[in-house]
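> Now for the letters of each chain:
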Amino acid sequence: MTPDAIRAMLSDPGLPLALAPLAALGLGAVALLVACVLPVPRWVGGGIFLGSLTAALVFELALLRAETPPGLVLDGTYLADRTSALWGVLFLAATALAWLFSVHYYREDRPFKGEHDFLMLCAAAGMMLMAGAQDLIVFFVGLELLSIPLYALAAFRRARTASVEAGVKYFLLGAFSAAFFLYGAALLYTATGTVSLVELKRIGVQTTLGTAGVALIAASLFFKVSVFPFHLWVPDVYQGSPTPVTVLMATGTKTAAFAFLLNAVFLLPASAAATIAAVALLTMAAGNLAALVQGDVKRMLAFSAVAHAGTLLLVFAGALKGDPDPGGPLQAALFYLAAYVFTAAGSFGLLAWLERDGEPSTSLESLRGLARRRPWAAAAMTLFLLSLGGIPATGGFLGKYLVFYVAIRAHLVAVAVAGILLSVVALAYYLRVVVAMYMQEPSAETVASPPVPGRQSAAPAAIAATACAVLVLAMGLLPGWFLDQLR
Amino acid sequence: MAPSTPILAWLLFLPLAGAVAVLCLPARRADAARWIALATTSAVAVLGTLVFAGFDGSRPEMQYFLERPWFALPGPHGSPVPVSFRLGLDGLSILMVALTAVLMPVVVLSTWGHVAERVKEFMVWMLVMETGMLGVFLSLDLVLFYVFWEVSLIPLYFLVGIWGGERRLYATIKFFLYTFGGSLLMLVGVIALIYRFGSTDVYFLSDHAALLPVQDQLWLFAGFAVAFAIKVPILPFHTWLADAHTEAPTSGSVVLAGVLLKMGTYGLLRFGIAMFPGAAVALAPLFMALGAIGILYGALLAWAQSDLKRLIACSSVSHLGYVVLGLFAMTATGLAGGVLQMVNHGLSTGLLFLLVGMIYERRHTRALDQFGGVAARMPVFAVFLVLAVLSSAGLPGLNGFVGEYLILLGAFERSPFWAVVGTSGVVFGAIYLLMATRKVLFGPLARPENRALNDIGAREVALLVPLTALLVWIGVAPNVFLDRTRASVELVERRIDRARAAAMAETGRPAQLFAKEEPR
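Quick note, the sequences are listed as chains Z and A, same order.
If you use the numbering used here, the first sequence corresponds to residues 208 to 694, in order.
If you use the numbering used here, the second sequence corresponds to residues 148 to 667, in order.
Bear in mind the hints are in silico, worked out from the structure with no lab data behind them.
Note that the structure is a prediction, hence the values are computed from the model and not measured.
Take the hints with a grain of salt, since some may be wrong.
Calculated lysine to any residue pairs in the SDA-like style (CA-CA distance at most 20 Å, straight line) [unchecked claim]: (1) Lys320/Z with Val251/Z; (2) Lys321/A with Leu628/Z; (3) Lys321/A with Pro383/A; (4) Lys320/Z with Lys408/Z; (5) Lys321/A with Leu499/Z; (6) Lys321/A with Thr386/A; (7) Lys321/A with Ser226/A; (8) Lys376/Z with Tyr358/Z; (9) Lys321/A with Gln647/Z; (10) Lys321/A with Leu629/Z; (11) Lys321/A with Ala359/Z; (12) Lys321/A with Leu496/Z; (13) Lys320/Z with Ala359/Z; (14) Lys376/Z with Asp443/Z; (15) Lys376/Z with Ala398/Z; (16) Lys408/Z with Pro476/Z; (17) Lys586/A with Trp387/A; (18) Lys320/Z with Ala398/Z; (19) Lys408/Z with Ala398/Z; (20) Lys586/A with Ala605/A; (21) Lys321/A with Val500/Z.
All chains should be built: construct the whole structure from the sequences, respecting the hints.
Right, dumping it as structure tokens:
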């Protein structure tokens, strides 16, 4: 690039607003690292974290309200418009929720909490880059910025084999998928001479080489969103990771990858829609049927995450086929993901809250009789499970409705009907948890085990869980406001 | 047409407000929870009676109409489809709303005897369920109907699962998954209708869906009908009912039999017959057959039971077979009979479940061979039981006869064969009901446990009297009730006749399910 081009790029008036959220997260991350080293009281780290998230949120809201959003900045590699601001708000919400659930979660690893929070901020920044990227290399930077902190976070509880195993598994498979992405991008570059999405939209992908590159890119993204057959890592990684990190993985990673998928949908040929729909159906089947046989709630929710990814893929298939309403798939995906972020964060987060410190007990037995011991937690968990199942009056129902509507509008009726019916299977295993909480007596060990000494306050987790529950109900009962925002 | 007071909104949300009030109580104030629930349901009953009294049966359009915009769904071509909060009553729903409103205080009053634990939660779920059920009958918006339909499943799931009998977990999960699966098929139908017509207004859709070609109507009808068929239940989707009824607590059984099953028949009427008349005409023989077979099958099943509650549960299958037979005869007589029989079944079977509950509270058994000669010790109970049984069997003078007679008359107009089959079901009904009565009430008072029984007290009599009075009233003066449904029923019949005529004109033959294209 010539110095003039660089000067022109940097003097773009929309650039500060476009990059402000990222800058807020980046500065916050650096400040957090510094605070780890300096002898400051513990709350300073938390304050910096929340401060940087809030600043980023303020900038995203400013972007949303801006009369003329910045649009393409940095020489057409990053898009800062209303849609990317909406995704950004979701990412920040996911990160905030994951952090709230993590505040009092760790015991042995508490000294390293500062690094934990730093990694979370990096992941959030990576998510934003992924959603706004209009260039394959910028996307890759975002992908790695999201993934590598998550590898480390997955293995955060270093004394537990499950956590380390999760981290190693995630890292190995993630490295493979990143390599696929790079190779696919390289093939695409060879075929078309550009890595810019804007340029690719203009010239299209015509050659077989380019299509092969796109297929590899798609495979890499399918790994990230845990779609069949790239979903096998999900249960082990979700179960082994510390639960607040699982919250971030289930909500943030999925959302970021889908955001980019929707941006890049034009790369795939329209004839791929049938294949994508079939993959979506297989994913929903694999996720739902595998979840039926799980005895551990965390693992069951992980498989349900796979099933939800399959449902979302239907939106992608519908967008591929061409929707008479161009904003339809995007609105459906945004609403579904928003509902899913709050539901999954709430359900995984409640599990994090209920786990006794240092004693992971997310099995179905440990939840028995929860309704008597902690009635509000049980009620909130029931609400989240019903939303995951798609019962009306919750956000999850309307999200599912919108997604299936897009699928039916794209004439993928059979797949949509099959997907709808798989919800019955889903509800079978969600209800098992409700049965345990409300209709069964606590097992002897739960009753006999004494409360953990020095158990820390649960206020942040309670606030987060309540916020999630309120939002899930609001999205179900008063969806008008949300739907208007997402148009 | 629109009155100034939104009385339907009061009717609908008063139970929910009561539920919130009960929720705010501390858990140990069980009595306060009971009284608040009783007060709320009684207030709803008063409102329901007022609405019933003020309803004008000579006009088929909706009355007490209320509409508030809610949100907008994406439409077929990008234009939004407004979903609104649209409530209204017409001749098809007025009796059901009145039944629900009047039955609930009785149900709440009955819980004094058999709900001792976690009373507050029980009342919350009961009140939420009342809102759900009323919402199903009152909503004139497709999405709103679906929301209330699903929402009314959840409280019963908890009621059976927490306060039910021995096999309650199995029964409640089976009930929920079975019914939910059907509702999901209905969701497909809902999406298809919204996609096709871009509206969620039930009246608008009824007018326009009737103009679709019969093949399209059949698919849409199928989607809705499966959900309703599971709920009613129509053979072969009936397997969830016996377990759910038997394992539910008494009040749960009364609500289930009294109102929830009627949601299925109401749905078949409003979203099946009234909305897709062409498909209804084509499928009528099938449904009439299923109804008649259900009458016999349910009766034979009930005859074979040794558990009194399970016997009454199987009798529900039989009685609702009558309703299906009458509705799908689709003559004014049959439709009116079907609508009335929905109320009758709710009253008589609800009464029977209450009575079974009372004797279960005393003996803790429901096996028929554990009783015998109880009438000697519990004469008042015996009177009510005999009245309920005779109403269920269809004795003239009580309500069951009016409904059954109208249904069989209407069915005979359409299909004499199935009407005869249905009529023979009356005999079987009498057989198993009278057999059960004899085993419980009459015969030698052999067992010592039965000799120690106390008769029912004032509270229990207070429960039973309103329902029994209604049984007699409907039996003696049914026109009070039939008049209110007259206009709407005749409107549906006209719509059906138009569809029948259209089918006849198109093919030169009466409408058939799989009509072959014949060269003209």
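> State for each hint whether it applies.
For each hint, the structure was consulted:
{"no.": "1", "hint": "Lys320/Z with Val251/Z", "in the structure": "holds (12 Å)"}
{"no.": "2", "hint": "Lys321/A with Leu628/Z", "in the structure": "holds (16 Å)"}
{"no.": "3", "hint": "Lys321/A with Pro383/A", "in the structure": "holds (15 Å)"}
{"no.": "4", "hint": "Lys320/Z with Lys408/Z", "in the structure": "violated (43 Å)"}
{"no.": "5", "hint": "Lys321/A with Leu499/Z", "in the structure": "holds (15 Å)"}
{"no.": "6", "hint": "Lys321/A with Thr386/A", "in the structure": "holds (9 Å)"}
{"no.": "7", "hint": "Lys321/A with Ser226/A", "in the structure": "violated (40 Å)"}
{"no.": "8", "hint": "Lys376/Z with Tyr358/Z", "in the structure": "holds (9 Å)"}
{"no.": "9", "hint": "Lys321/A with Gln647/Z", "in the structure": "holds (17 Å)"}
{"no.": "10", "hint": "Lys321/A with Leu629/Z", "in the structure": "holds (16 Å)"}
{"no.": "11", "hint": "Lys321/A with Ala359/Z", "in the structure": "violated (44 Å)"}
{"no.": "12", "hint": "Lys321/A with Leu496/Z", "in the structure": "holds (18 Å)"}
{"no.": "13", "hint": "Lys320/Z with Ala359/Z", "in the structure": "holds (13 Å)"}
{"no.": "14", "hint": "Lys376/Z with Asp443/Z", "in the structure": "holds (8 Å)"}
{"no.": "15", "hint": "Lys376/Z with Ala398/Z", "in the structure": "violated (33 Å)"}
{"no.": "16", "hint": "Lys408/Z with Pro476/Z", "in the structure": "holds (12 Å)"}
{"no.": "17", "hint": "Lys586/A with Trp387/A", "in the structure": "violated (27 Å)"}
{"no.": "18", "hint": "Lys320/Z with Ala398/Z", "in the structure": "violated (46 Å)"}
{"no.": "19", "hint": "Lys408/Z with Ala398/Z", "in the structure": "holds (14 Å)"}
{"no.": "20", "hint": "Lys586/A with Ala605/A", "in the structure": "violated (26 Å)"}
{"no.": "21", "hint": "Lys321/A with Val500/Z", "in the structure": "holds (17 Å)"}
Hint check: violations occur at hints 4, 7, 11, 15, 17, 18, 20; the rest are consistent with the structure.
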